[in-house]
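Here is how the chains run, residue by residue.
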Amino acid sequence: MITRKWAAAGACGLLAALAAGLFPASAAAGEPAAKDSPKVELVLDVSGSMRATDIDGKSRMAAAKQAFNEVLDATPEEVRLGIRTLGADYPGDDRQLGCKDTKQLYPVGKLDRVEAKAAVATLAPTGWTPIGPALLGAAEDLKGGNATRRIVLITDGEDTCAPLDPCEVARDIAAQGIHLVIDTLGLVPDAKTREQLVCIAEATGGTYTSVQHTAELSGRVKQLVDRAAAPVVTPVATQGAKQCQGAPKLGAGLYTDRESFGEHRWYQVDVRPGQELRASVSIAADRAVNNDYGVLLRAVTVHGREIVRGSEAGDGRTDAISTGLRYPKGESDDEDGDGGTAAETVCLQVGNSFSAPASVKTAPGMPVELVIDLVDGPDGASDAASFGLGRGWWLLGLLTLAGLVAGLVWGWISRWRISVWRTS
Amino acid sequence: MRTVRMLTAAALAAGGLLAGAGAAAADSPSASASPSGGAAGPTEAGTAFRTATPVKPGQRATAEASTGDYLYWVLPLDSGQRATVKASVKLPPAASRHAASTWRIDVYDGLRRRQACTYGAQSAAAAKDAASVELSCTLRTVRPGAEPWAHDPLPGSYYVRLTAAEVAKEDLGQPVRVEVSAETRDTGGAFAVDGALAQPLVPGITARLAAEAESGAAGSAGKDRPAAVGEPDGGWSGGRWSDRWVWTAAGGVLAALAGVFGYSVTRGRGRPPHVPPRG
Numbered sequence: 519m520i521t522r523k524w525a526a527a528g529a530c531g532l533l534a535a536l537a538a539g540l541f542p543a544s545a546a547a548g549e550p551a552a553k554d555s556p557k558v559e560l561v562l563d564v565s566g567s568m569r570a571t572d573i574d575g576k577s578r579m580a581a582a583k584q585a586f587n588e589v590l591d592a593t594p595e596e597v598r599l600g601i602r603t604l605g606a607d608y609p610g611d612d613r614q615l616g617c618k619d620t621k622q623l624y625p626v627g628k629l630d631r632v633e634a635k636a637a638v639a640t641l642a643p644t645g646w647t648p649i650g651p652a653l654l655g656a657a658e659d660l661k662g663g664n665a666t667r668r669i670v671l672i673t674d675g676e677d678t679c680a681p682l683d684p685c686e687v688a689r690d691i692a693a694q695g696i697h698l699v700i701d702t703l704g705l706v707p708d709a710k711t712r713e714q715l716v717c718i719a720e721a722t723g724g725t726y727t728s729v730q731h732t733a734e735l736s737g738r739v740k741q742l743v744d745r746a747a748a749p750v751v752t753p754v755a756t757q758g759a760k761q762c763q764g765a766p767k768l769g770a771g772l773y774t775d776r777e778s779f780g781e782h783r784w785y786q787v788d789v790r791p792g793q794e795l796r797a798s799v800s801i802a803a804d805r806a807v808n809n810d811y812g813v814l815l816r817a818v819t820v821h822g823r824e825i826v827r828g829s830e831a832g833d834g835r836t837d838a839i840s841t842g843l844r845y846p847k848g849e850s851d852d853e854d855g856d857g858g859t860a861a862e863t864v865c866l867q868v869g870n871s872f873s874a875p876a877s878v879k880t881a882p883g884m885p886v887e888l889v890i891d892l893v894d895g896p897d898g899a900s901d902a903a904s905f906g907l908g909r910g911w912w913l914l915g916l917l918t919l920a921g922l923v924a925g926l927v928w929g930w931i932s933r934w935r936i937s938v939w940r941t942s
Numbered sequence: 027m028r029t030v031r032m033l034t035a036a037a038l039a040a041g042g043l044l045a046g047a048g049a050a051a052a053d054s055p056s057a058s059a060s061p062s063g064g065a066a067g068p069t070e071a072g073t074a075f076r077t078a079t080p081v082k083p084g085q086r087a088t089a090e091a092s093t094g095d096y097l098y099w100v101l102p103l104d105s106g107q108r109a110t111v112k113a114s115v116k117l118p119p120a121a122s123r124h125a126a127s128t129w130r131i132d133v134y135d136g137l138r139r140r141q142a143c144t145y146g147a148q149s150a151a152a153a154k155d156a157a158s159v160e161l162s163c164t165l166r167t168v169r170p171g172a173e174p175w176a177h178d179p180l181p182g183s184y185y186v187r188l189t190a191a192e193v194a195k196e197d198l199g200q201p202v203r204v205e206v207s208a209e210t211r212d213t214g215g216a217f218a219v220d221g222a223l224a225q226p227l228v229p230g231i232t233a234r235l236a237a238e239a240e241s242g243a244a245g246s247a248g249k250d251r252p253a254a255v256g257e258p259d260g261g262w263s264g265g266r267w268s269d270r271w272v273w274t275a276a277g278g279v280l281a282a283l284a285g286v287f288g289y290s291v292t293r294g295r296g297r298p299p300h301v302p303p304r305g
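Top line first, the protein sequences correspond to chains A and B. Mapping of the first sequence onto our numbering: residues 519 to 942, in sequence order. Mapping of the second sequence onto our numbering: residues 27 to 305, in sequence order.
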């Protein structure tokens with residue numbers, strides 16, 4: 519009988535485990551909130567140097583035109599694409615005028631392929647390379663709505679319009695919090711061009727590509743346009759405070775902020791009893807930084823006691839450094855006496871230990887991305903092992919031995935009872 | 027003869043139980059399917075945590091990229107799984123490169139905490155004339171639960187970041203082709219612990235649960251999902267199943283058998299024939 523009971527209990531346990539395992543805890547659905555269709559602007563350098571014939575035996579301009587035609591053909595329907603040129607009109611020597619020479623060739627909107635191609639066909643290499651003003655213009659063209667924004671900058675030379683550093687321009691654009699990414703492509707770039715384009719890409723979380731062949735150019739631009747079309751959650755801009763008091767109260771979601779070198783930013787999150795707070799933070803290195811760096815995320819009570827922290831350090835080349843923490847708040851909270859269901863305010867402190875060479879500007883701060891989730895708390899662990907279950911040959915041996923001893927004793931007792939019965 | 031009957035019943039029950047457990051283990055969601063060949067996966071990679079491309083264990087994700095890009099993929103790992111992430115980078119032609127480079131994969135969990143690689147070449151140097159470089163990272167076994175202060179890997183999304191850790195400035199931006207795949211192995215109950223997360227560590231899960239509750243479409247998995255969300259085939263296991271159930275149950279059966287045997291040894295052969303049955 520004992521055996522059957524064991525079997526029955528085991529089978530029940532198995533069934534329960536199976537049922538629990540087969541029905542997923544989270545059958546997920548849901549998609550990002552309705553958004554405007556993504557906007558992309560291609561910014562093409564039409565400066566005099568584009569005449570050079572060093573891409574597959576053709577001129578850089580011809581290669582760019584061919585690539586544009588292919589890209590325009592392959593652009594996804596939902597993408598609103600615009601084209602801006604720089605250095606297309608003013609052939610003269612006046613730097614003042616040359617550095618204003620950027621205009622929108624095709625407005626950002628629903629793409630008419632024939633029109634766009636016709637506009638591109640008219641281009642001829644002409645003037646200066648005002649990258650900074652072109653980026654500002656492109657950012658202006660893409661303004662409005664909550665669409666994903668992307669600028670693809672294609673150039674063959676460095677900016678010729680100092681002192682407006684295009685890299686600073688890019689960082690300022692990114693700091694406006696309009697979620698704009700600038701990808702740069704250098705056509706047969708020299709060292710200075712490369713440095714500048716890498717800096718621009720880095721400042722906005724974009725990518726840099728060096729192009730030696732036409733196929734590479736069209737393939738890469740197509741890829742970047744497609745990336746713009748991929749759905750992505752748009753973060754909400756927030757601004758952390760210098761201390762916990764008066765810090766912005768955040769719910770679950772994705773947030774962005776800016777944090778300078780060595781600065782602390784505080785945020786508040788309300789956590790109800792039985793809930794688990796999950797917070798992750800990434801700080802992007804959007805400029806040249808020193809080789810060693812770190813990030814610290816702390817969850818602190820309003821009274822200043824640290825609950826839990828996440829920290830990470832790293833060295834070398836990186837795009838971002840990130841860490842996270844979780845804080846499950848217990849069901850019952852008797853700290854205040856009234857306890858019960860009152861939400862606890864948890865202060866989140868984000869700090870970093872980035873440093874930069876003296877030549878690097880520290881403002882605006884580096885982009886911070888903060889993810890906050892509030893879910894049900896975990897099932898409490900009452901035992902180190904899963905449900906207190908055991909495994910292994912020692913367990914089997916021990917159980918068998920215990921069973922054997924129990925059987926022997928039981929048998930001995932029955933025998934004793936029989937003999938008692940016989941004698942009585 | 028009662029003993030014999032009991033023994034038979036016990037043996038049958040044990041057999042049935044073990045067979046059932048075996049079947050359960052096979053059906054169990056934590057048993058991962060990892061085809062060694064690797065089904066073709068996505069052909070693009072994300073460039074940040076937010077835009078990471080979802081990939082499933084067993085799939086082979088490929089991407090065309092530029093040297094210096096930070097490429098992100100996200101894969102779901104469930105409790106009991108020990109994943110090995112492998113990456114291979116086909117480098118640009120040696121003629122156009124200027125110096126040796128070092129490539130690295132980093133794996134982050136759903137809280138963006140960096141996860142340790144227990145073994146494997148997490149970073150590897152490519153000589154100036156190398157054609158490709160191979161990387162691999164074996165993670166720790168994913169536990170169903172852990173204390174908040176622990177860095178143990180927990181079920182949820184895992185981000186894989188592939189990048190050139192050291193590269194000459196002249197070599198930035200050159201085209202590379204990368205391949206990433208993850209294989210999982212079930213470790214069984216050895217790492218099963220008590221306690222489990224209520225929800226896997228998937229970023230943005232709050233919004234997803236809310237949307238789900240709003241639409242009331244429980245169980246209907248949406249086709250359009252945010253980019254950084256993936257689930258294992260068959261959903262998350264919840265961490266309640268482990269082979270410890272089988273071990274413990276089998277131990278119980280053995281104990282019962284041993285008990286019956288012990289009883290039969292000391293009890294003797296039942297009622298002696300010369301003793302008349304009780305009234």
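Misleading hints may appear alongside valid ones.
Said to hold, decoys possible - Cβ pair distances, simulated, as ranges: (1) A:Ala-899 / B:Ala-121: 15 to 25 Å; (2) B:Ala-142 / A:Thr-880: 55 to 65 Å; (3) B:Ala-176 / A:Lys-621: 35 to 45 Å; (4) A:Ser-873 / B:Pro-119: 45 to 55 Å.
Unchecked claim - Which bits of chain B does chain A cover? Going by a derived footprint, with three or more residues having C-beta under 8 Å, they are: (5) 89-97; (6) 223-229; (7) 280-293.
The hints are simulated quantities; they were obtained by calculation from the structure and are not laboratory data. Note that the Cβ used here is the ideal one computed from N, Cα and C, for glycine as well.
Against the earlier hints, flag every one the structure doesn't satisfy and list their numbers going up. 1, 2, 3, 4
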